[in-house]
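> Taking the hints into account, I'd like the entire structure generated from these sequences.
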Amino acid sequence: MFRNSLDAGYAEAARRRAQRGPDPWRRRLTGQLARGLVLVATGFLLVVAYHQTVAGRPEVSRVRAGLVTDVRDRQHETDLLQQQADRLRDEVSKERDAALAAAGTDAGAIDRLELATGTGKVRGPGTVVRLGDAAPPVDPVTGKPTGKNLGVVLDRDLQRVTNELWRDGAEAISINGERLSAISTIRTAGSTILVDFRPISSPYLVTAIGPEDLDRRFNDSRTGQLFRALASQYGMQVAVDRKGELTLAAAPDPQLHYARPVPSQSPSTPPSGSPGTPVPSSPGGH
0 MFRNSLDAGY AEAARRRAQR GPDPWRRRLT GQLARGLVLV ATGFLLVVAY
50 HQTVAGRPEV SRVRAGLVTD VRDRQHETDL LQQQADRLRD EVSKERDAAL
100 AAAGTDAGAI DRLELATGTG KVRGPGTVVR LGDAAPPVDP VTGKPTGKNL
150 GVVLDRDLQR VTNELWRDGA EAISINGERL SAISTIRTAG STILVDFRPI
200 SSPYLVTAIG PEDLDRRFND SRTGQLFRAL ASQYGMQVAV DRKGELTLAA
250 APDPQLHYAR PVPSQSPSTP PSGSPGTPVP SSPGGH
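Number 45 in numbering that gives the first Met the number 0 belongs to position 46 of the sequence shown; there are no gaps in the numbering.
Hints are computed from structural coordinates only; laboratory data are not their basis. Bear in mind the structure is a predicted one, so any value in this text is a computation, not a measurement. All C-beta atoms in this analysis are idealised placements derived from N, C-alpha and C, irrespective of residue type, glycine included. Check before you lean on any hint, since a few could be wrong.
[Claimed, not checked] What follows is a list of derived Cβ distance ranges for each label pair:
#, residue 1, residue 2, range
1, Y233, T187, 43 to 51 Å
2, S200, S231, 20 to 28 Å
3, Y233, E113, 37 to 45 Å
4, T187, L38, 44 to 52 Å
Right, dumping it as structure tokens:
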């Protein structure tokens with residue numbers, strides 16, 4: 000251990016440092032300048048990216064606001080056309096009833112068919128089930144939404160409510176003013192719920208005309224218990240109210256789909272020769 004002492008190595012390292020001398024100031028200055036340039040370039044890129052992002056936000060907001068305005072305008076036009084269609088339908092119904100009365104025909108059968116198909120206006124006592132999206136969870140510090148909102152109303156929730164109301168004796172149902180018929184659909188396109196391909200938004204008002212105790216029947220059902228649990232656990236807005244008199248507009252006239260017989264084709268021209276007689280082959284054939 001003492002024969003191979005490390006003192007010689009330490010001495011050699013000290014001798015080399017003495018010969019080399021301290022680092023030149025230029026080398027230190029060059030390193031500092033390089034680091035400074037890298038930091039400046041990085042900061043410049045971050046500032047440019049931030050300004051581009053901020054500058055693009057007004058344009059995105061403007062485009063979105065324009066689209067929202069267009070949607071509302073089209074919705075307003077659709078509502079006006081629907082009101083006009085309802086007025087014309089009422090006039091047609093009055094003329095029809097007058098013609099049936101003059102002919103001595105009972106119009107009650109047609110009224111019952113309209114009730115069953117949803118093509119006639121209905122008035123009477125009923126119940127309104129109101130469903131609304133829960134408030135999204137937010138970060139207590141930033142105030143921004145965090146996580147997934149489990150209290151959002153889905154299309155299957157509206158399907159459950161309407162099916163339960165039918166079971167409880169409802170005679171007519173509408174969702175946000177859209178009357179349901181035998182061929183109505185409740186589905187989702189993206190994050191929007193469609194009723195017969197018309198978009199609706201929260202809060203969702205499921206209006207049903209039926210027995211006076213329709214609200215009690217719904218609350219006592221498993222569906223009513225399920226939605227009370229959703230309201231308690233996830234904050235979904237649920238309310239069931241009895242109404243003395245409700246009026247539901249008629250559903251749009253359905254597009255009837257029916258089959259037509261295929262026209263028979265003319266018989267093809269038989270080959271030359273009598274039926275059943277084989278056609279001779281060309282010479283040399285097999």
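> If you check each hint against the structure, which ones fail?
1
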